[in-house]
Amino acid sequence: GAGVSQSPSNKVTEKGKDVELRCDPISGHTALYWYRQSLGQGLEFLIYFQGNSAPDKSGLPSDRFSAERTGGSVSTLTIQRTQQEDSAVYLCASSSLAGGGEQFFGPGTRLTVL
Amino acid sequence: GNSVTQMEGPVTLSEEAFLTINCTYTATGYPSLFWYVQYPGEGLQLLLKATKADDKGSNKGFEATYRKETTSFHLEKGSVQVSDSAVYFCARTNAGGTSYGKLTFGQGTILTVHP
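Those protein sequences? They're chains A and B, same order as listed.
Note that the numbering used here has the first sequence beginning at 1, numbered continuously upward.
Note that the numbering used here has the second sequence beginning at 1001, numbered continuously upward.
No wet-lab data here; the hints were simulated from the structure.
Errors might be hidden in some of the hints.
DEER-style ranges, computed between Cβ atoms [claimed, not checked]:
#1 B:G1029 <-> A:G42: 30 to 38 Å
#2 B:A1053 <-> A:T78: 15 to 23 Å
#3 B:G1041 <-> A:S66: 39 to 47 Å
#4 B:P1040 <-> A:S38: 16 to 24 Å
#5 A:G28 <-> B:N1059: 18 to 26 Å
#6 A:G16 <-> B:D1054: 51 to 59 Å
#7 B:E1016 <-> A:K57: 45 to 53 Å
#8 B:D1054 <-> A:D18: 48 to 56 Å
Anything over 12 Å on all C-beta distances counts as not near chain A; from chain B, calculated [as the list claims (entries may be wrong)]:
#9 P1010
#10 T1012
#11 E1016
#12 F1018
#13 L1019
#14 T1020
#15 E1063
#16 R1067
#17 E1069
#18 T1070
#19 T1071
#20 G1078
#21 A1086
Heads up, incomplete: computed chain A residues facing chain B, CB under 7 Å, no partners named [unchecked claim]:
#22 G40
#23 G42
#24 L43
#25 F45
#26 Y48
#27 E102
#28 F105
Predicted model, so just to flag it, every value in this text is computed and none were measured.
All C-beta atoms in this analysis are idealised placements derived from N, C-alpha and C, irrespective of residue type, glycine included.
So that you can see chain B by itself, here it is in the shape it has in the complex (with noise of 0.2 Å):
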């Protein structure tokens, strides 16, 4: 089947640390991959995408590039912030080249950042 499948949280880190968080999917064809990011007490937000294998897709320093031979999207940034608390969410949708159709959406991982 199609799935999202992202490294259990929570994950907590000291300000100006390395964030990794893994993604990987199952799927069939070739589909897009995002990176949603929802912060305390607001609504899902799009943090970066990548719609093509070997694609890289960056944000707010945040970058994740899509791994054909993998089936992975990793989440990284070099040097994480308080302000970067929140929780992250894989995802991918059916049709590769576009933002288009359905999300399938990983569990989702909490980042708390301490000072």
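The following block holds chain A by itself, in its conformation from the complex (with noise of 0.2 Å):
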């Protein structure tokens, strides 16, 4: 598709569960990006990764929550043991340094944690 797409668009889980949600960049994009938008924190900055380099984690707010990009295209968030305040909706970006490095952000994934 012609911009980034992520899946799913809702989700609701059960305190406790683990999830993914899954985030494909444009194609062609070396950089991706996680955020996180909620009520409380508003625009959240999590992870991001550039190229082959180790990504940037400090975003992170506990170690129930890890990401991998595979083959430097999709990028899978995984929370680990919900918890209610994980509720949120999470926004997933790319862009290419060839294009200035502007970001293009997903539709985003409303996960509600009950």
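Can you join these two chains into the complex? Each is in its own frame, and there are hints to help.
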């Protein structure tokens, strides 16, 4: 597709369960970012992948959160043992240096932890 | 630290009114600055940007000037329309001269424009 896609668009889970959120960046974009948008915290950076470099994980809120990017393309954000405070919209963005680095955002995954 | 502070909303205006949404930042070095917009039911999209001091970003009638001396990047529009109703986010990266790198966002300002 032409833009960043994310799946699922909505996810409802029970407290304590694990969830996986997927991001398909724009083809050819070397950088991929995860952010979280919640009522209490606004928009927060979570993690950043750039090419083959080690990811910048400085925004991950706890060790229950992890992410990987396979083959320099698709990324999966995993939240283990979900808590109610994990409820938020998880946004993915991608960018290319050749494109000036502008970040293009996906529609997000709305996660609700009951 | 590196942060972004923008004026609290919500902001409610009549159509054709003048809009200002203030944004200030703290930074070590020279960041790149952005305004993002989120229309109802839509994803976040870049509205405008400035990557070095004194640059003016502009798009869709909106403007913002990178003011290093006041560490500000205020968003302005001379005549708002109902279709401008959205949430506006000021943001920065750490790297000047480019849009690359993780974004730090302000808290967002809800704008509602009435006919």
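Hints, verified against the model:
no. : hint                          : in the structure
1   : B:G1029 <-> A:G42: 30 to 38 Å : violated (23 Å)
2   : B:A1053 <-> A:T78: 15 to 23 Å : violated (41 Å)
3   : B:G1041 <-> A:S66: 39 to 47 Å : violated (30 Å)
4   : B:P1040 <-> A:S38: 16 to 24 Å : holds (18 Å)
5   : A:G28 <-> B:N1059: 18 to 26 Å : holds (24 Å)
6   : A:G16 <-> B:D1054: 51 to 59 Å : holds (53 Å)
7   : B:E1016 <-> A:K57: 45 to 53 Å : holds (47 Å)
8   : B:D1054 <-> A:D18: 48 to 56 Å : holds (49 Å)
9   : P1010                         : holds (14 Å)
10  : T1012                         : holds (20 Å)
11  : E1016                         : holds (30 Å)
12  : F1018                         : holds (26 Å)
13  : L1019                         : holds (21 Å)
14  : T1020                         : holds (21 Å)
15  : E1063                         : holds (18 Å)
16  : R1067                         : holds (22 Å)
17  : E1069                         : holds (25 Å)
18  : T1070                         : holds (23 Å)
19  : T1071                         : holds (20 Å)
20  : G1078                         : holds (25 Å)
21  : A1086                         : holds (14 Å)
22  : G40                           : violated (10 Å)
23  : G42                           : holds (5 Å)
24  : L43                           : holds (4 Å)
25  : F45                           : holds (5 Å)
26  : Y48                           : holds (5 Å)
27  : E102                          : holds (5 Å)
28  : F105                          : holds (4 Å)
Taken one by one, the earlier hints fail for this structure at numbers 1, 2, 3 and 22, listed in ascending order.
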